[in-house]
Amino acid sequence: AQSVAQPEDQVNVAEGNPLTVKCTYSVSGNPYLFWYVQYPNRGLQFLLKYITGDNLVKGSYGFEAEFNKSQTSFHLKKPSALVSDSALYFCAVRDYKLSFGAGTTVTVRA
Amino acid sequence: GAVVSQHPSWVICKSGTSVKIECRSLDFQATTMFWYRQFPKQSLMLMATSNEGSKATYEQGVEKDKFLINHASLTLSTLTVTSAHPEDSSFYICSAGPGVLDEQYFGPGTRLTVT
Numbered sequence: 001a002q003s004v005a006q007p008e009d010q011v012n013v014a015e016g017n018p019l020t021v022k023c024t025y026s027v028s029g030n031p032y033l034f035w036y037v038q039y040p041n042r043g044l045q046f047l048l049k050y051i052t053g054d055n056l057v058k059g060s061y062g063f064e065a066e067f068n069k070s071q072t073s074f075h076l077k078k079p080s081a082l083v084s085d086s087a088l089y090f091c092a093v094r095d096y097k098l099s100f101g102a103g104t105t106v107t108v109r110a
Numbered sequence: 001g002a003v004v005s006q007h008p009s010w011v012i013c014k015s016g017t018s019v020k021i022e023c024r025s026l027d028f029q030a031t032t033m034f035w036y037r038q039f040p041k042q043s044l045m046l047m048a049t050s051n052e053g054s055k056a057t058y059e060q061g062v063e064k065d066k067f068l069i070n071h072a073s074l075t076l077s078t079l080t081v082t083s084a085h086p087e088d089s090s091f092y093i094c095s096a097g098p099g100v101l102d103e104q105y106f107g108p109g110t111r112l113t114v115t
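In order, the protein sequences belong to chains A and B. Read in order, the letters of the first sequence are residues 1 to 110 in the working numbering. Read in order, the letters of the second sequence are residues 1 to 115 in the working numbering.
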């Protein structure tokens with residue numbers, strides 16, 4: 001079965017500092033990996049995906065993620081965090097359906 | 001990006017009544033839609049896969065007679081919570097995508113409160 005793990009429940013950073021949200025995956029075959037963000041009482045918004053190709057994937061709102069096959073990781077990154085980036089972030093892997101990680105709450109302090 | 005809508009955004013109902021939640025893909029057709037349930041500050045739990053023109057596929061532990069799913073067209077899926085009880089109170093989210101391996105687009109969610 002495919003799965004992803006997000007080892008950190010919470011990440012706290014100061015505005016302007018780099019932000020990293022960690023995700024590791026376990027799949028049989030090629031991984032199809034996604035990052036989503038959720039704001040309070042809202043549905044999920046798509047940030048980026050890795051299907052194939054370049055290991056560095058660029059997405060919405062200045063986010064990017066690096067696919068690392070040897071470490072089975074797909075960490076989400078942003079060079080300079082904003083207070084408005086504070087939200088709940090989900091990593092997901094897909095075969096026919098999406099399987100989500102537990103989520104990481106990001107808090108960016110001013 | 002593509003838009004998925006849900007209606008209603010929130011609903012309060014009395015125990016024992018039924019509630020219908022609609023999920024629509026507004027600018028693409030979706031042969032498959034997904035229904036999730038989310039508890040506060042937790043991840044999404046997949047409840048079922050809604051297939052246009054055929055029966056839904058339910059995840060283990062989800063009561064199909066309680067959570068009725070109808071996918072009558074390529075742009076509409078409905079989830080009906082029958083004989084609702086307070087423990088059914090939750091945030092219900094649907095998703096759809098234009099292709100099998102494309103990203104899923106999520107509805108804004110429906111907050112159900114059963115009193």
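Read the hints as simulated data drawn from the structure, not as lab findings. Just so you know, these numbers come straight off a predicted model, no measurement behind them. Accuracy of the hints is not assured; some may be wrong.
[Said to hold, decoys possible] The calculated label-pair distances, taken between Cβ atoms and stated as ranges, are: (1) A:Asn17 - B:Gln60: 37 to 47 Å; (2) B:Pro98 - A:Glu64: 17 to 27 Å; (3) B:Leu76 - A:Gly16: 40 to 50 Å; (4) A:Arg109 - B:Leu76: 18 to 28 Å; (5) B:Lys64 - A:Asn68: 22 to 32 Å; (6) A:Gly16 - B:Asn51: 23 to 33 Å; (7) A:Lys58 - B:Ser73: 50 to 60 Å; (8) B:Pro40 - A:Asn12: 14 to 24 Å; (9) B:Gly16 - A:Glu64: 48 to 58 Å; (10) B:Lys14 - A:Asn68: 30 to 40 Å; (11) A:Asn68 - B:Thr113: 37 to 47 Å; (12) B:His7 - A:Lys97: 35 to 45 Å; (13) B:Ser83 - A:Lys97: 37 to 47 Å; (14) A:Leu82 - B:Trp10: 21 to 31 Å.
[As the list claims (entries may be wrong)] In silico DSSO-like cross-links for lysine-lysine, where the CA-CA straight-line distance does not exceed 30 Å: (15) A:Lys77 - B:Lys64; (16) A:Lys49 - A:Lys22; (17) A:Lys77 - B:Lys41; (18) A:Lys97 - B:Lys20.
[Stated by the list, open to error] Covered by chain B, according to a simulated footprint, are these stretches of chain A (three or more residues, beta-carbon under 8 Å): (19) 35-48; (20) 69-76.
Idealized CB from N, CA, C, for every residue including glycine.
Hints, verified against the model:
Taking the beta carbon of each, Asn17 of chain A and Gln60 of chain B are about 42 Å apart, inside 37 to 47 Å as hinted. For Pro98 of chain B and Glu64 of chain A, the Cβ-Cβ distance of about 24 Å falls inside the hinted range of 17 to 27 Å, so the restraint holds. Checking the proposed 40 to 50 Å range against Leu76 of chain B and Gly16 of chain A shows it holds: the Cβ atoms sit about 45 Å from each other. Under the hint 18 to 28 Å, the C-beta atoms of Arg109 of chain A and Leu76 of chain B, about 43 Å apart, miss the expected range.
In this structure the supplied range 22 to 32 Å is violated for Lys64 of chain B paired with Asn68 of chain A, their Cβ-Cβ distance being about 40 Å. About 47 Å separates the C-beta atoms of Gly16 of chain A and Asn51 of chain B, a value inconsistent with the hinted range of 23 to 33 Å. Taking 50 to 60 Å as the suggested C-beta distance range, the pair Lys58 of chain A and Ser73 of chain B does not conform, at roughly 35 Å. Between Pro40 of chain B and Asn12 of chain A the C-beta distance comes to about 20 Å, which sits within the given range of 14 to 24 Å.
Taken as a hint, the range 48 to 58 Å holds for the pair Gly16 of chain B and Glu64 of chain A, whose Cβ atoms sit roughly 50 Å apart. At about 52 Å, the beta-carbon gap between Lys14 of chain B and Asn68 of chain A misses the expected band of 30 to 40 Å. Between Asn68 of chain A and Thr113 of chain B the beta carbons are some 43 Å apart, a value that agrees with the proposed interval 37 to 47 Å. A hinted range of 35 to 45 Å is violated for the C-beta pair His7 of chain B and Lys97 of chain A, which are about 24 Å apart.
Distance hint check: the CB atoms of Ser83 of chain B and Lys97 of chain A are about 27 Å apart, inconsistent with the given range 37 to 47 Å. Taken as a hint, the range 21 to 31 Å holds for the pair Leu82 of chain A and Trp10 of chain B, whose Cβ atoms sit roughly 29 Å apart. Between Lys77 of chain A and Lys64 of chain B the alpha-carbon distance is near 40 Å, which puts this suggested pair outside the 30 Å criterion. Using a Cα cut-off of 30 Å, the hinted pair Lys49 of chain A and Lys22 of chain A holds, with the two alpha carbons roughly 15 Å apart.
The suggested pairing of Lys77 of chain A with Lys41 of chain B holds, with an alpha-carbon distance near 22 Å, which does not exceed 30 Å. Restraint check for Lys97 of chain A and Lys20 of chain B: satisfied, since their Cα atoms lie roughly 23 Å apart, inside the 30 Å limit. With 7 residues carrying a beta carbon less than 8 Å from a beta carbon of chain B, the region 35-48 of chain A meets the three-residue requirement, and the given coverage holds. Evaluation of the coverage hint for the region 69-76 of chain A: breached, as 0 residues show C-beta separations to chain B shorter than 8 Å, against a requirement of three.
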